[in-house]
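Protein chains: 2
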Amino acid sequence: MNFIKYLEDRKLLVNNFLEKRTAKKGISRVDEAMAYSLLAGGKRLRPILLMAAADAVGGNGYNYLSVACGLEMIHTYSLIHDDLPVMDNDDYRRGRLTNHKVYGEALALLAGDGLLTLAFEVMLEQKNIAPEVLIETVKEVAMCAGNYGMVGGQVLDLDSEDKQITQAQMRTLHEAKTGALFIAAVRSGARMAGAKSEELLAMTHFAELFGLAFQITDDIMDVESTKEEMGKNSGSDAKLNKSTYVTLYTLEGAKALAEKTLHEALECLEPFGPKAEPLREITKMLYNRKN
Amino acid sequence: MNFIKYLEDRKLLVNNFLEKRTAKKGISRVDEAMAYSLLAGGKRLRPILLMAAADAVGGNGYNYLSVACGLEMIHTYSLIHDDLPVMDNDDYRRGRLTNHKVYGEALALLAGDGLLTLAFEVMLEQKNIAPEVLIETVKEVAMCAGNYGMVGGQVLDLDSEDKQITQAQMRTLHEAKTGALFIAAVRSGARMAGAKSEELLAMTHFAELFGLAFQITDDIMDVESTKEEMGKNSGSDAKLNKSTYVTLYTLEGAKALAEKTLHEALECLEPFGPKAEPLREITKMLYNRKN
Chain H
1 MNFIKYLEDR KLLVNNFLEK RTAKKGISRV DEAMAYSLLA GGKRLRPILL MAAADAVGGN
61 GYNYLSVACG LEMIHTYSLI HDDLPVMDND DYRRGRLTNH KVYGEALALL AGDGLLTLAF
121 EVMLEQKNIA PEVLIETVKE VAMCAGNYGM VGGQVLDLDS EDKQITQAQM RTLHEAKTGA
181 LFIAAVRSGA RMAGAKSEEL LAMTHFAELF GLAFQITDDI MDVESTKEEM GKNSGSDAKL
241 NKSTYVTLYT LEGAKALAEK TLHEALECLE PFGPKAEPLR EITKMLYNRK N
Chain A
1 MNFIKYLEDR KLLVNNFLEK RTAKKGISRV DEAMAYSLLA GGKRLRPILL MAAADAVGGN
61 GYNYLSVACG LEMIHTYSLI HDDLPVMDND DYRRGRLTNH KVYGEALALL AGDGLLTLAF
121 EVMLEQKNIA PEVLIETVKE VAMCAGNYGM VGGQVLDLDS EDKQITQAQM RTLHEAKTGA
181 LFIAAVRSGA RMAGAKSEEL LAMTHFAELF GLAFQITDDI MDVESTKEEM GKNSGSDAKL
241 NKSTYVTLYT LEGAKALAEK TLHEALECLE PFGPKAEPLR EITKMLYNRK N
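So the sequence lines, in the order shown, correspond to chains H and A.
According to the working numbering, the first sequence is numbered sequentially starting from 1.
According to the working numbering, the second sequence is numbered sequentially starting from 1.
Chain H extracted, bound-state conformation (with noise of 0.2 Å):
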């Protein structure tokens, strides 16, 4: 397998999507701050796990393309109302300024909340499906971004500033924070392309592993990564005073955990043989991330 084609391939195919997706001219400005932030790059990761997951369980990814756009427009509505300055206060993102530094607070927060309404009413889209099933995965995909999920976990970071919090306390952080939005992808993917309840469980355990070393690779590379490396400036959790995985567990024991997470990860798709493939690929990335 040719991964690197296939990393291309899909990422190509999501954007289009998301270019295409946003390209009707609308009745206001909301739409140039919307396409502003979607467009900016990006690893796509979120749609490419859902693809992945997919072919995992036989399926085809590309069959359940909007679903998985969807959870970029998510991911990125997520990004906008972090950095702004009532949350992060961030001005680098991707590379670029962040959404608010070029349209202002006010169109960054709508632009956030119109990417998010765009991402349901997208998901909702979403052809080569039973409708049951459609409703069901959108239904988890709303329950993990929401505040039992990703949401919740913003409000558990903002808490953690200036704090010193356990080892625990951080895992759940992140398993909500950063965590529920790739179990929603993987879960999706497999769900849509008819994973059987014991692989739709196996994928869950994998989901949550990934999650887990993409936060502490995360948290590594804030520490080790330059800004030109991330697109955004690196240092940014010492400057908030921020508990990671790097603070609790020195960069060292962070490092340890990783590979040991990933390597669980790693296992959890065993079952999958060959057709998980892709799905191990962009696992092993995290073991060498630089953004």
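Hints in this document: simulated from the structure, not taken from any laboratory.
Please note: incorrect hints may appear among the correct ones.
Derived lysine to aspartate or glutamate pairs resembling EDC-like cross-links, with alpha carbons at most 20 Å apart [what the hints assert, rightly or not]:
#1 H/163 x H/175
#2 A/127 x H/132
#3 A/24 x H/140
#4 H/127 x A/132
#5 A/284 x A/218
#6 H/20 x H/32
#7 H/101 x A/105
#8 A/242 x A/90
#9 H/20 x H/8
#10 H/255 x H/224
#11 H/242 x H/90
#12 H/139 x A/136
#13 A/127 x H/140
#14 A/24 x A/125
#15 H/255 x H/208
#16 H/101 x A/159
#17 A/284 x A/229
#18 A/255 x A/229
#19 A/101 x A/32
#20 H/25 x A/140
#21 A/260 x A/218
#22 H/24 x H/125
#23 H/139 x A/125
#24 A/139 x H/140
#25 A/127 x H/136
#26 A/139 x H/132
#27 A/139 x H/125
#28 H/25 x A/175
#29 H/127 x A/140
#30 H/275 x H/9
#31 H/127 x A/136
#32 A/25 x H/159
#33 H/24 x A/140
#34 A/20 x A/125
#35 H/43 x H/19
#36 H/25 x A/159
#37 H/242 x H/161
With the hints as your guide, set chain A onto chain H.
Chain A in isolation, oriented as in the chain H frame:
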């Protein structure tokens, strides 16, 4: 028909649903902030409109409480974000301090995000309806709430501050900002209750006129009512130097336009006979709005 009882029954039903749906202890403080605004009273106009529209086409509005309450969540999130300092910067809403005055701006932002997300989860839980009809319904709600509807309208509203706009521009603005969600409510109720296509068309026309009348009476109220009657600061349009139906048509002109619009809205309901009585009564309430 005892209309007072009709309204009270449905309001109670909506309030009970919303309380129950937000009672579960979550992972963070965001749940409390979400419940604060969601359970702050309010007329529950959009859910009641949805139910009354279902009744009007011969269905039973009680059956569609999930979608109805999802609309109230969307409405509430929009108020929370609209009240933020970067937007209208309001301190009072529904007779109480606004969300950010109690919980701070970051949490208010996330409470809005949480409510918007939960709205879709709750709507997709709707029973008593074919899954493909539910998908169409919720997709249309998203369209009405997003950048081509409510969110787009809010941006037009922002852009109209300190600026003279035309009557046509103001109509476009309000059709999107407030009208679209009324259209979503009325069409959702009618569609789920099995409206025929000509009925759906008549309902759409009714909702457009209802939304227009709502906005005109809102602008009249902003001039004529006291803070106590409105539950929020009156005169806020003048404060933000906004064009309104009163500034563009004069107070008397706005009153005449409201009357004419309400009359036309009621005409749209004629084909529905006695079943549309609740919808007629709700419309007539706009003649004497105090909040």
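Hint-by-hint comparison with the structure:
1. Between residue 163 of chain H and residue 175 of chain H the alpha-carbon distance is near 19 Å, which keeps this suggested pair within the 20 Å criterion.
2. Restraint check for residue 127 of chain A and residue 132 of chain H: the C-alpha separation of about 11 Å stays at or below 20 Å, so the hint holds.
3. A threshold of 20 Å between alpha carbons decides the hint, and for residue 24 of chain A with residue 140 of chain H the separation of about 17 Å falls inside it, so the pair holds.
4. A hinted pair counts as satisfied when its Cα atoms are at most 20 Å apart, and residue 127 of chain H with residue 132 of chain A qualifies at roughly 11 Å.
5. As the CA atoms of residue 284 of chain A and residue 218 of chain A are separated by approximately 14 Å, the hinted pair is consistent with the 20 Å bound.
6. Taking the CA atoms of residue 20 of chain H and residue 32 of chain H, the gap is near 13 Å; set against the 20 Å cutoff, the hint holds.
7. Annotation: proposed proximity of residue 101 of chain H to residue 105 of chain A holds, straight-line Cα distance about 18 Å (limit 20 Å).
8. For the hint pairing residue 242 of chain A with residue 90 of chain A, the CA-to-CA distance comes to about 15 Å; that is within 20 Å, so the pair holds.
9. Only pairs whose Cα atoms come within 20 Å are accepted, and residue 20 of chain H paired with residue 8 of chain H is accepted, the gap being roughly 18 Å.
10. For the hint pairing residue 255 of chain H with residue 224 of chain H, the CA-to-CA distance comes to about 12 Å; that is within 20 Å, so the pair holds.
11. A hinted pair counts as satisfied when its Cα atoms are at most 20 Å apart, and residue 242 of chain H with residue 90 of chain H qualifies at roughly 15 Å.
12. A distance of roughly 15 Å separates the Cα atoms of residue 139 of chain H and residue 136 of chain A; the hinted pair therefore holds under the 20 Å criterion.
13. At roughly 16 Å between alpha-carbon atoms, residue 127 of chain A and residue 140 of chain H fall within 20 Å of each other, so this suggested pair holds.
14. Restraint check for residue 24 of chain A and residue 125 of chain A: the C-alpha separation of about 16 Å stays at or below 20 Å, so the hint holds.
15. Distance restraint check for residue 255 of chain H and residue 208 of chain H: the Cα-Cα separation of roughly 18 Å lies within the 20 Å cut-off, and the hinted pair is therefore satisfied.
16. Of the pairs offered as hints, the one joining residue 101 of chain H and residue 159 of chain A holds, with about 18 Å between alpha carbons and a cut-off of 20 Å not exceeded.
17. At most 20 Å may separate the alpha-carbon atoms for a hinted pair to count; residue 284 of chain A and residue 229 of chain A meet this at roughly 19 Å.
18. Only pairs whose Cα atoms come within 20 Å are accepted, and residue 255 of chain A paired with residue 229 of chain A is accepted, the gap being roughly 19 Å.
19. Note on residue 101 of chain A and residue 32 of chain A: the hinted pairing holds, with a Cα-Cα distance of about 14 Å set against a maximum of 20 Å.
20. Among the hinted pairs, residue 25 of chain H with residue 140 of chain A is consistent with the structure: their alpha-carbon atoms are about 18 Å apart, no more than 20 Å.
21. Taking the CA atoms of residue 260 of chain A and residue 218 of chain A, the gap is about 15 Å. The hint holds against a cut of 20 Å.
22. Proximity of residue 24 of chain H to residue 125 of chain H is assessed by CA-CA distance (about 16 Å); at most 20 Å being required, the pair is judged to hold.
23. A C-alpha spacing of about 8 Å is found between residue 139 of chain H and residue 125 of chain A, which places the hinted pair at or below 20 Å, so the restraint holds.
24. A hinted pair counts as satisfied when its Cα atoms are at most 20 Å apart, and residue 139 of chain A with residue 140 of chain H qualifies at roughly 16 Å.
25. A threshold of 20 Å between alpha carbons decides the hint, and for residue 127 of chain A with residue 136 of chain H the separation of about 13 Å falls inside it, so the pair holds.
26. Using a Cα cut-off of 20 Å, the hinted pair residue 139 of chain A and residue 132 of chain H holds, with the two alpha carbons roughly 14 Å apart.
27. Distance check on the hinted pair: residue 139 of chain A and residue 125 of chain H sit about 8 Å apart at the alpha-carbon level, within 20 Å; holds.
28. Note on residue 25 of chain H and residue 175 of chain A: the hinted pairing holds, with a Cα-Cα distance of about 17 Å set against a maximum of 20 Å.
29. Distance hint between residue 127 of chain H and residue 140 of chain A is fulfilled; the C-alpha atoms sit about 16 Å from each other, no more than 20 Å.
30. Between the alpha carbons of residue 275 of chain H and residue 9 of chain H the distance comes to roughly 17 Å, so the proposed pair stays at or under 20 Å and holds.
31. Proposed proximity of residue 127 of chain H and residue 136 of chain A is supported: the alpha carbons are some 12 Å apart, at most 20 Å.
32. The hinted pair formed by residue 25 of chain A and residue 159 of chain H meets the criterion: a straight-line CA distance of about 17 Å does not exceed 20 Å.
33. As the CA atoms of residue 24 of chain H and residue 140 of chain A are separated by approximately 17 Å, the hinted pair is consistent with the 20 Å bound.
34. Between residue 20 of chain A and residue 125 of chain A the alpha-carbon distance is near 14 Å, which keeps this suggested pair within the 20 Å criterion.
35. Under the criterion of a C-alpha separation no larger than 20 Å, the hint pairing residue 43 of chain H with residue 19 of chain H is consistent with the structure, at around 15 Å.
36. The hinted pair formed by residue 25 of chain H and residue 159 of chain A meets the criterion: a straight-line CA distance of about 17 Å does not exceed 20 Å.
37. Of the pairs offered as hints, the one joining residue 242 of chain H and residue 161 of chain H holds, with about 5 Å between alpha carbons and a cut-off of 20 Å not exceeded.
Hint compliance for this structure: every hint is met.
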